Amino acid sequence: MPTPQEKADFSERLKFSMTRAPERMRGATDLALHFNLRYEGESVSPQTAHKWLTARSIPTVDKLKTLAEWFKVDQHWLHYGPPPSGNPQVTPKPLTRDEQYPASDETLELATKIEALSPHHRYLLEELVEQFYGAMTR
Numbered sequence: 539m540p541t542p543q544e545k546a547d548f549s550e551r552l553k554f555s556m557t558r559a560p561e562r563m564r565g566a567t568d569l570a571l572h573f574n575l576r577y578e579g580e581s582v583s584p585q586t587a588h589k590w591l592t593a594r595s596i597p598t599v600d601k602l603k604t605l606a607e608w609f610k611v612d613q614h615w616l617h618y619g620p621p622p623s624g625n626p627q628v629t630p631k632p633l634t635r636d637e638q639y640p641a642s643d644e645t646l647e648l649a650t651k652i653e654a655l656s657p658h659h660r661y662l663l664e665e666l667v668e669q670f671y672g673a674m675t676r
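Each residue of the sequence shown is one higher than the one before, starting from 539 at the first, in my numbering.
No lab work stands behind these hints, which were simulated from the structure alone. It should be emphasised that the depicted structure is a prediction, and the values quoted were computed from it without experimental measurement.
Calculated lysine-lysine pairs in the BS3-like style (CA-CA distance at most 27 Å, straight line):
| hint | residue 1 | residue 2 |
| --- | --- | --- |
| 1 | K601 | K545 |
| 2 | K553 | K651 |
| 3 | K545 | K610 |
| 4 | K545 | K589 |
| 5 | K603 | K545 |
| 6 | K601 | K553 |
| 7 | K553 | K589 |
| 8 | K589 | K601 |
| 9 | K610 | K553 |
Simulated DEER-style distance windows between Cβ atoms:
| hint | residue 1 | residue 2 | range |
| --- | --- | --- | --- |
| 10 | P620 | D600 | 21 to 31 Å |
| 11 | A649 | D612 | 16 to 26 Å |
| 12 | Y618 | S656 | 39 to 49 Å |
| 13 | Q585 | S642 | 30 to 40 Å |
| 14 | L655 | P584 | 32 to 42 Å |
| 15 | T650 | E607 | 17 to 27 Å |
| 16 | L646 | E580 | 30 to 40 Å |
All C-beta atoms in this analysis are idealised placements derived from N, C-alpha and C, irrespective of residue type, glycine included.
Hey, can you work out the whole structure from these sequences and the hints?
Structure, rendered in structure tokens:
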């Protein structure tokens, strides 16, 4: 049985994943609606989705699988969080400011989306990234 902290941590990862989804979701009702469109089993109620978001329960493995596929995140990460540190084969070290990330499919997709922005929106995005990037080095 999950501990209250495990439920709270799962809830935070779920909320974070929801912010990255292409669908705009405002809460448990939207989460349940969009989830049910993807899940092949019995549908979940908004109350169930609310329990996930308020750290009162964690979905079953089959539902976690659907959530992970939908949000394009690792199922283990969604359920348990990142693997324990100290295992360099599982947890890569963060890159320094001067290093470049490898050109993964996800990185290339993001770059394509950024290139499609208007010059003004690209400028705003660059400013936003600089704000976060500068804050990370302090």
